[in-house]
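Let the hints inform the model, and build the full structure from the sequences given.
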Amino acid sequence: MAEKGVKVFGMWASPMAIRLEWALRLKSVVYEYVDEDLGNKSDALLRYNPVTKKVPVLVHDGKPVVESAIIVEYIDEAWKDGYPIMPADPYERAQARFWANFADEKDLNGFVQCNAAVYPVFTATGEAQGKVVHEAQQCLKTLEKALEGKKFFGGDAVGYLDLVVGWYAYWLPIIEEVSGASVVTDEELPLMKAWFDRFLAVDVVKETLPPRDKLLALNTARREQLLTA
Amino acid sequence: MPSEKQEEAAVRVLGRWPSPYVIRVLIALNLKGVEHEMVAEPKGNKSELLLASNPVHKKIPVLIHNGRPISESLVILHTSTSAWASQAPAILPSDPHARAAERFWAQYVDDKFPTAIRVLRGRVVGDKEEAAAEVSAALWQLEGAFVECGGGKGYFGSDGVGYLDIALGSHVGWIRAVERINGVSLLDAAKVPRLAAWADRLCAHPAVVDVLPDVDRFIEFSVQNDGALAKPVDEASK
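Chains Z and V are the protein sequences, given in the same order.
For the first sequence, our numbering gives the first residue as 1, with consecutive numbering after it.
For the second sequence, our numbering gives the first residue as 1, with consecutive numbering after it.
Hints in this document: simulated from the structure, not taken from any laboratory.
None of these values were measured; they are calculated from a predicted model.
Take these hints with a grain of salt, some might be off.
Said to hold, decoys possible - With a straight-line Cα cutoff of 20 Å, these simulated EDC-like cross-link-like pairs (lysine to aspartate or glutamate) come out:
| id | chain 1 | residue 1 | chain 2 | residue 2 |
| --- | --- | --- | --- | --- |
| 1 | Z | Lys4 | V | Asp95 |
| 2 | Z | Lys54 | V | Asp111 |
| 3 | Z | Lys53 | V | Asp95 |
| 4 | Z | Lys54 | Z | Glu32 |
Said to hold, decoys possible - Covered stretches of chain Z (chain V as the covering partner; in silico rule of three or more C-beta atoms under 8 Å from a C-beta of chain V):
| id | region |
| --- | --- |
| 5 | 59-69 |
| 6 | 91-98 |
Unchecked claim - Which residues of chain Z face chain V? A few of them, derived with a C-beta cut under 10 Å, are:
| id | residue |
| --- | --- |
| 7 | Val51 |
| 8 | Thr52 |
| 9 | Asn101 |
| 10 | Phe102 |
| 11 | Thr142 |
| 12 | Lys145 |
Glycine residues also receive a C-beta, built at the ideal position from the N, C-alpha and C atoms.
Shown next, in the form of structure tokens:
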């Protein structure tokens, strides 16, 4: 059963799946992308990820790895002679992990961390939108501190934290357009805004971003669906 | 890279004993043979040291090493692996796939256990039967993971107590306490035989025995503290 090679089970509009592509391309690893229909998941996906059944999943020589941030770290370790994704210094690594958790997870007391603060911007309307935007900005302002004095979260070049939060650079402006909210502005989040531009100019990012009009259309439709549900 | 200095840079842990997250850090430091001082956070007001060390979350545990603070128990576990890399045991396995698996399951543990245990403690109001079922289901999944990760040996770590042992093991005190408080069996030798045996083995381990006290102490703590704090479960925490 020596299945060789690298497969990514993802979905074209998924910001979590794209993290894997960025990491693999930084390492110059050739991979096959399997685009899943999330309403009708493939047998292969369910076999490789029976516990959470979610995308993305990385399959490397037949063995699956799940959870996108964990997969990014796996990619860094499995191809350790390639581009360095995690910082070399243990303390810097701890900081990168800390901020990645801050961005990604809801903490144990249900305290809203960045992703959880950003999602509501998508569907908030009217008066509620103002409050939700403010909360999202507060989270992002805290995260922005990790950028101070640097071109990227990783320093002079992109690193782990850039890959974890990088999806904001492309998806947030779309969420803003679809919902009519304004979150990342020059006045409120100057460092974040500047980093958005730099990040989107990185080759592996440019090569992989889904078409904007398609993503905009999908999110517009989804928002309408959620608001009329 | 680990520091070459023999000078014992102060290693301090800001925490409080019944917290599983604090227990994790203490187990890891014990395993590594790192001398450390526990600085007990007072109940109620947060200390200035804590607020300065973890301004973002203001929570325990915080590890202060060489004057620099590191927050979040799993981040601290990773740091223990690298900062004291030259001291055995390695807390994470060397194989990238095995590391990813332990990381996944540790995240799963922190996803499935904390809220359910708080409900079972009576610390927040919720459906206790449902919470017990969630814990049982998660333990059943981990029973399978136990074989995958440890290769059928005594611990999740293939060479002994490791990252996932610590991540799940730190919850064993409270799991056993809520079993007694609610009259349910969760680490049930009939349902999850390997984990039941593993729990006993872990609790007797030299690095664990002093920091994971007897279940009676957890129960005592719960009786004294949890009833007064019971409040409606927040809808946002699933």
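Here's how the hints hold up against the structure:
no., hint, verdict
1, Z:Lys4 to V:Asp95, "holds, 18 Å"
2, Z:Lys54 to V:Asp111, "holds, 15 Å"
3, Z:Lys53 to V:Asp95, "violated, 24 Å"
4, Z:Lys54 to Z:Glu32, "holds, 18 Å"
5, 59-69, "holds (count 5)"
6, 91-98, "holds (count 5)"
7, Val51, "holds, 6 Å"
8, Thr52, "holds, 8 Å"
9, Asn101, "holds, 6 Å"
10, Phe102, "holds, 7 Å"
11, Thr142, "holds, 6 Å"
12, Lys145, "holds, 9 Å"
The structure fails hint 3 only (numbered hints given earlier).
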